Amino acid sequence: MSAELTAGVAQWLRRIGGAVTGAASKLGFVSRFLLAVLWHTPGAFRRMHLTLREIYFAGVLSLVIILMSGLFVGMVLSLQGYETLKRYGADEQLGILVALSLVRELGPVMSGLLFASRAGSAITAEIGLMKTTEQLAAMEMMAVDPLARVVAPRFWGGVISMPLLAALFSAFGIFGGYVVGVRLIGIDAGAFWGQMKAGVDVWPDVTNGIIKSFVFGIAVSLIAVFEGYDAKPTAEGVSSATTRTVVMSSLMILALDFVMTVFMFRGASVI
Amino acid sequence: MSLPAKPSSSRAAEAIATCRVDPAAAAVELTDVSFAYDVRPILSGITMTIPRGKIVAIMGASGSGKTTMLRLIGGQLRPKSGGVCVGGLSVPDLEPEALYALRRKFGMLFQFGALFTDMSVFENIAFPMREHTELPEELIRDLVLMKLHAVGLRGAAHLMPAELSGGMARRVALARAIALDPMLVMYDEPFAGLDPISLGVIGQLIRRLNDALSITSVVVTHDVYESLKIVDYLYFVSEGRIVASGTPEQVHASDDPFVRQFIDGASDGPVPFHYPAPAYREELFADVG
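The listed protein sequences correspond, in order, to chains A and B. For the first sequence, the working numbering begins at 7 and goes up steadily by one. For the second sequence, the working numbering begins at 34 and goes up steadily by one.
Be a bit skeptical, because a hint or two may be false.
What the simulated footprint calls covered on chain B by chain A, stretch by stretch (three residues with Cβ under 8 Å from a Cβ of chain A suffice, anywhere in the stretch; the number is not a length) [unchecked claim]: (1) 137 to 149; (2) 161 to 168.
Taking lysine to any residue pairs in the SDA-like style, the calculated list, with each CA pair at most 25 Å apart, reads [claimed, not checked]: (3) B/LYS138 with B/GLU128; (4) A/LYS203 with A/ALA96; (5) A/LYS238 with B/ILE75; (6) A/LYS238 with B/GLY226; (7) A/LYS238 with A/ILE22; (8) A/LYS238 with B/ALA69; (9) B/LYS138 with A/THR139; (10) B/LYS262 with B/VAL234; (11) A/LYS32 with B/ALA69; (12) A/LYS32 with B/PRO129; (13) A/LYS238 with B/ARG73; (14) B/LYS138 with A/ALA149; (15) A/LYS238 with B/ALA225; (16) A/LYS32 with B/ARG111; (17) A/LYS32 with B/VAL72; (18) B/LYS138 with B/ASP126; (19) B/LYS138 with B/GLU164; (20) A/LYS32 with A/SER123; (21) A/LYS32 with B/LEU110; (22) A/LYS92 with A/ILE191; (23) B/LYS113 with A/PHE35; (24) A/LYS238 with B/VAL72; (25) A/LYS238 with B/ASP151; (26) B/LYS138 with B/SER123; (27) B/LYS113 with A/ASP236; (28) B/LYS113 with A/ALA143; (29) A/LYS32 with B/TYR70; (30) A/LYS238 with B/THR100; (31) B/LYS113 with A/ALA149.
Taking beta-carbon pairs under 8 Å as the criterion, some of the chain A residues facing chain B (in silico) [to be verified]: (32) THR139; (33) GLU140; (34) GLN141; (35) ALA143; (36) ALA144; (37) GLU146; (38) MET147; (39) MET148; (40) ALA149.
Worth flagging that the hints you see were computed from the coordinates, not collected in a lab. Given the structure is predicted, the values throughout are model-derived calculations rather than measurements. All C-beta atoms, glycine included, are put in the ideal place defined by N, C-alpha and C.
Please work from the sequences and hints to get the whole structure.
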């Protein structure tokens, strides 16, 4: 019995050890991958048309979902916010509530999550399928580095698109808030815009929101290109890599958001 | 998967590793090459010469290590031991930059073409030209049309890869492989999954392009009839070893059991029908509980 117990414990420890070393090795691999992508960045920017093409695919084609979501989130925020603010007789503060919620949090986070689902998964699937159909190997055999030709432009396409999408999400959200708050509910337009103008600062509110969305852009794009490049070259491999991109990106966005919020708004009476 | 190391121009200059093989005679030479994925041996003690200007076929059953040989020649894999010499250079010892410089003289046809699916046929063939040369657009256009004409698909320049049949895709990939007039073209299963007409067309194209462009060709295949028609020399590989070799005439006349089994398509022989297993009777009557 004790020999069985020892063997069981040993196996359990081995499993933990295996998981830890596996995770450490993958983290190291991702870091080397990021360094390699950064190394190829000047080349990707020299041939700007490659990066512009990726900005089109990741950014422009995500516009519909981002703008529509922004609009609806802003409208709901306005409805819910009005209900709460009215209880304290502060319904004229609706503009500032909508704007701050969107610019600081919902804009970067929601657009990050949508971007991961819409563009991140597409990038992973595309690179994974290129690997499966030997297009990456063909490129290597033609003495063209796939990291420079395929990965770096897609990475930067995502990083550049993300803050722009987040800004548009917030802008459309504020417009949605205005439509519901001012046009539907009937709050004074001057109060709505005036409170917003007085209460939202470029720094810490707007700039911090942009910084957040930029960091999310790096995280999602890195996860997306890495998972595609690292995918097992089978149909199942590409499908699970695509799923991993969405799950990992979403968790990473939420975790990074918490950490950044702690550092950014600590002095602004949040904590 | 491995990450390519960063190119380093200062180290690359001193890293041109030559080997003793005369590149004028042998385009490729493998000397006592062994290779294993982790502990699973794939190739052991492979020695072969691919003479310049000839077409050499590497034949063997699926999983016998044929494609691994192409990957070793192309520097995508490093041998566990032994030498791989291409054009007078020792491939495993080359720094990334020198290896990429060598690969510019290669062409490779992948099993299913590996055409870039987001580019048209024209753009696929222009791709290596745009990446490695500064040629003006008019000249690239003329060169692409010439390459496409050579494979009979000038009229398909505007099509996307998804619009091509299997045989057409293989011909476009062939045109892309010879886009930069390589010294060596490697074909990975060029005949797999083709109808008889396309099969004959690809076979004739390999022969014709090899002779017209004075290139050296390595054809990895298991299509014995098509290969015997077009190649100058054949190597037979089984379980990671070269088991027979010879010219097509020698192969036809051979009474080597492996060669005979391969040519006759016999289900049993030196390559057994049954995967290794315990004795049939023993397993059937074994006590399952």
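Structure-based check of each hint:
1. 137 to 149: holds (count 9)
2. 161 to 168: Since three or more residues must qualify, the claim that chain A covers the stretch 161 to 168 of chain B holds, with 3 doing so at under 8 Å.
3. B/LYS138 with B/GLU128: 16 Å, holds
4. A/LYS203 with A/ALA96: Satisfied, since the Cα-Cα distance of roughly 16 Å is no more than 25 Å.
5. A/LYS238 with B/ILE75: 20 Å, holds
6. A/LYS238 with B/GLY226: 24 Å, holds
7. A/LYS238 with A/ILE22: Given that 25 Å is the threshold and the Cα spacing comes to 24 Å, the pair holds.
8. A/LYS238 with B/ALA69: It holds: about 20 Å lies between the C-alpha atoms, which stays within 25 Å.
9. B/LYS138 with A/THR139: 23 Å, holds
10. B/LYS262 with B/VAL234: The hint holds at about 12 Å.
11. A/LYS32 with B/ALA69: The hint holds at about 23 Å.
12. A/LYS32 with B/PRO129: 23 Å, holds
13. A/LYS238 with B/ARG73: Satisfied, since the Cα-Cα distance of roughly 19 Å is no more than 25 Å.
14. B/LYS138 with A/ALA149: 9 Å, holds
15. A/LYS238 with B/ALA225: It holds: about 23 Å lies between the C-alpha atoms, which stays within 25 Å.
16. A/LYS32 with B/ARG111: 23 Å, holds
17. A/LYS32 with B/VAL72: Distance ~22 Å between A/LYS32 and B/VAL72 Cα, so the pair holds.
18. B/LYS138 with B/ASP126: 17 Å, holds
19. B/LYS138 with B/GLU164: Since the Cα atoms of B/LYS138 and B/GLU164 sit roughly 14 Å apart, the hinted pair holds (cutoff 25 Å).
20. A/LYS32 with A/SER123: OK: A/LYS32 and A/SER123 at ~23 Å, within 25 Å.
21. A/LYS32 with B/LEU110: 21 Å, holds
22. A/LYS92 with A/ILE191: Holds - the C-alpha atoms of A/ILE191 and A/LYS92 are around 12 Å apart, at most 25 Å.
23. B/LYS113 with A/PHE35: At roughly 23 Å apart (the allowed maximum being 25 Å), A/PHE35 and B/LYS113 satisfy the hint.
24. A/LYS238 with B/VAL72: 20 Å, holds
25. A/LYS238 with B/ASP151: Cα-Cα ~21 Å, so holds.
26. B/LYS138 with B/SER123: 15 Å, holds
27. B/LYS113 with A/ASP236: Since the Cα atoms of B/LYS113 and A/ASP236 sit roughly 24 Å apart, the hinted pair holds (cutoff 25 Å).
28. B/LYS113 with A/ALA143: Distance of about 21 Å is within 25 Å: holds.
29. A/LYS32 with B/TYR70: Holds, at roughly 20 Å.
30. A/LYS238 with B/THR100: 18 Å, holds
31. B/LYS113 with A/ALA149: Between B/LYS113 and A/ALA149 the Cα gap is close to 23 Å, so the pair holds against 25 Å.
32. THR139: 6 Å, holds
33. GLU140: Interface hint status for A/GLU140: holds (4 Å vs cutoff 8 Å).
34. GLN141: 5 Å, holds
35. ALA143: 7 Å, holds
36. ALA144: 4 Å, holds
37. GLU146: Hint on A/GLU146: holds, closest Cβ of chain B at ~7 Å, below 8 Å.
38. MET147: 4 Å, holds
39. MET148: Status holds, d = 5 Å.
40. ALA149: 4 Å, holds
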